[in-house]
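Asks: We have chain A already, so just place chain B on it with the hints.
Protein sequence lines correspond, in order, to chains A and B. Residues in the first sequence are numbered consecutively from 1, following the numbering used here. Residues in the second sequence are numbered consecutively from 1, following the numbering used here.
For the record, the hints were derived by calculation from the structure and aren't laboratory data. Where hints are given, some of them may not hold.
If chains are identical, the list can't say which one is meant, so a pair holds when it fits in one copy or spans any two.
Straight-line alpha carbon distances no greater than 35 Å define the calculated DSBU-like cross-link-like pairs of lysine-lysine that follow [said to hold, decoys possible]:
id: 1; residue 1: Lys152; residue 2: Lys59
id: 2; residue 1: Lys26; residue 2: Lys150
id: 3; residue 1: Lys59; residue 2: Lys108
id: 4; residue 1: Lys152; residue 2: Lys26
id: 5; residue 1: Lys108; residue 2: Lys150
id: 6; residue 1: Lys59; residue 2: Lys26
id: 7; residue 1: Lys108; residue 2: Lys22
id: 8; residue 1: Lys26; residue 2: Lys108
id: 9; residue 1: Lys143; residue 2: Lys108
id: 10; residue 1: Lys59; residue 2: Lys143
There are 2 protein chains.
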Amino acid sequence: MSLYPMTSDFLGVITSGLHALKPYEKDLRIETDDMSTLVVGAPEPLFDAIRDLFEASAKRPEHVTMHVTLSRGCPGEPDDPSCRCEALERAQDQTLAERQELATEAVKDAHTSGVLIDVQFSLYVMGSGDHMEEIYGCIEFLKSSGTFLKSKNFCTRLRGDAGAVFETLRQAFLRFGPAEGHVTIDLTASANSPSLG
Amino acid sequence: MSLYPMTSDFLGVITSGLHALKPYEKDLRIETDDMSTLVVGAPEPLFDAIRDLFEASAKRPEHVTMHVTLSRGCPGEPDDPSCRCEALERAQDQTLAERQELATEAVKDAHTSGVLIDVQFSLYVMGSGDHMEEIYGCIEFLKSSGTFLKSKNFCTRLRGDAGAVFETLRQAFLRFGPAEGHVTIDLTASANSPSLG
Numbered sequence: 001m002s003l004y005p006m007t008s009d010f011l012g013v014i015t016s017g018l019h020a021l022k023p024y025e026k027d028l029r030i031e032t033d034d035m036s037t038l039v040v041g042a043p044e045p046l047f048d049a050i051r052d053l054f055e056a057s058a059k060r061p062e063h064v065t066m067h068v069t070l071s072r073g074c075p076g077e078p079d080d081p082s083c084r085c086e087a088l089e090r091a092q093d094q095t096l097a098e099r100q101e102l103a104t105e106a107v108k109d110a111h112t113s114g115v116l117i118d119v120q121f122s123l124y125v126m127g128s129g130d131h132m133e134e135i136y137g138c139i140e141f142l143k144s145s146g147t148f149l150k151s152k153n154f155c156t157r158l159r160g161d162a163g164a165v166f167e168t169l170r171q172a173f174l175r176f177g178p179a180e181g182h183v184t185i186d187l188t189a190s191a192n193s194p195s196l197g
Numbered sequence: 001m002s003l004y005p006m007t008s009d010f011l012g013v014i015t016s017g018l019h020a021l022k023p024y025e026k027d028l029r030i031e032t033d034d035m036s037t038l039v040v041g042a043p044e045p046l047f048d049a050i051r052d053l054f055e056a057s058a059k060r061p062e063h064v065t066m067h068v069t070l071s072r073g074c075p076g077e078p079d080d081p082s083c084r085c086e087a088l089e090r091a092q093d094q095t096l097a098e099r100q101e102l103a104t105e106a107v108k109d110a111h112t113s114g115v116l117i118d119v120q121f122s123l124y125v126m127g128s129g130d131h132m133e134e135i136y137g138c139i140e141f142l143k144s145s146g147t148f149l150k151s152k153n154f155c156t157r158l159r160g161d162a163g164a165v166f167e168t169l170r171q172a173f174l175r176f177g178p179a180e181g182h183v184t185i186d187l188t189a190s191a192n193s194p195s196l197g
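The shape of chain A in the complex, shown without the other chains (with noise of 0.2 Å):
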């Protein structure tokens, strides 16, 4: 993940958000070099962990934005046994529709930070016959989360209070695409934008 601090005191605003990594540490392995910040851990943690980076930049005046690559899955680089999770491990045998209800019940249930951020992003599914399904059951949820806001060309806008929109995604990741498969995800978040007027 790299964050991109819209001041000439970029340094200030990144290092300040790096701070808020610092309750991560022990669960997350973290490693920060010049274009951006590995993060290695269990979904709990590494979602939340992102979360608190972008609403800790969020809470200041100026215009930021964050974009990050998740992963997981990857048969080139397989998963840390640290990653281990219980929401992909059951995934397999519940049905598409049953993963929809779980992932939006777990938005509704999601802390309220008071930061209120737009997203775009894009799930990936890959090496697998059926992508395209599981893609649209994903979207499926997207528009009944709370958080869409509407679909653009390859991607999808989130809008909303940082907690509900880092759950929404977290969800996307866990729940949809195949539970063994590779799947990543692209996303920026944005928040004080001028061009919101």
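Replies: Coordinates of chain B only, in the frame set by chain A:
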């Protein structure tokens, strides 16, 4: 694609960057909203336009990054007829080795801009049983491209002149993965980063 200038005058940099797209307006469909710019068209003007936008922005002194998602052959959103491309049509009949050679030649012939940039990117090949073979073939080309910096978790780092780097990306996108398949690239470009010292 989205341009992120790390300066309080970010609107000025974005606006002047978008001017670099002017010469391409007759060949490409270009639509900008509050989060990103959609560009639809053939790979020749499309990669040239992305390169020129980033080159123009990187010639200024400020740290600037750009995120781009590239997609071809999406079954849910068929390519526009304007996206037609000879390299893709011929790829069906060419072996992996032949495609690697053509890709390497194209990078050697790329124009030189004098602007040094960093890129990290991932190539995704969807809905195909054999996607890792194409990805490993692509990585082999990248390593001999002259712009390869290193492999990272889930992505590849390139460094070099903007001309050679964007040609490397175009070749990776067009010559690897099935010609009729759904292939995407998730890429981040960076210039003038203070982290590089």
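Asks: Look at each hint and say if it fits the structure.
Replies: Here is how each hint holds up against the structure:
1. In this homomeric assembly, lysine 152 and lysine 59 come within 35 Å of each other (Cα to Cα) both inside a single copy, at 27 Å, and across copies, at 31 Å.
2. Within a single copy, lysine 26 and lysine 150 get their C-alpha atoms only as close as 37 Å, which misses the 35 Å cut-off; across copies the closest is 28 Å, which meets it.
3. Within a single copy, lysine 59 and lysine 108 get their C-alpha atoms as close as 23 Å, which meets the 35 Å cut-off; across copies the closest is 47 Å, which misses it.
4. In the homo-oligomer, the alpha carbons of lysine 152 and lysine 26 lie at most 35 Å apart only across protomers (22 Å), although the nearest pairing inside one protomer, at 38 Å, exceeds that limit.
5. Taking identical chains as interchangeable, the C-alpha atoms of lysine 108 and lysine 150 lie at most 35 Å apart only when both belong to the same chain, with a minimum of 19 Å there against 42 Å between chains.
6. Taking the shortest Cα distances, lysine 59 and lysine 26 sit within 35 Å of each other inside one copy (25 Å), while across copies they are farther apart (41 Å).
7. When the C-alpha separation of lysine 108 and lysine 22 is checked against a cutoff of 35 Å, the pair qualifies only within one copy, where the shortest distance is 27 Å, while the shortest distance between copies is 45 Å.
8. In this homomeric assembly, lysine 26 and lysine 108 come within 35 Å of each other (Cα to Cα) only inside a single copy, at 28 Å, whereas the closest approach across copies is 46 Å.
9. Only within a single protomer do lysine 143 and lysine 108 lie at most 35 Å apart by alpha-carbon distance; the minimum there is 14 Å, versus 47 Å between protomers.
10. Taking the shortest alpha-carbon separations for lysine 59 and lysine 143, only the intra-copy value of 27 Å comes in at or below 35 Å, while the best inter-copy value is 42 Å.
Consistency note: the structure conflicts with none of the earlier hints.
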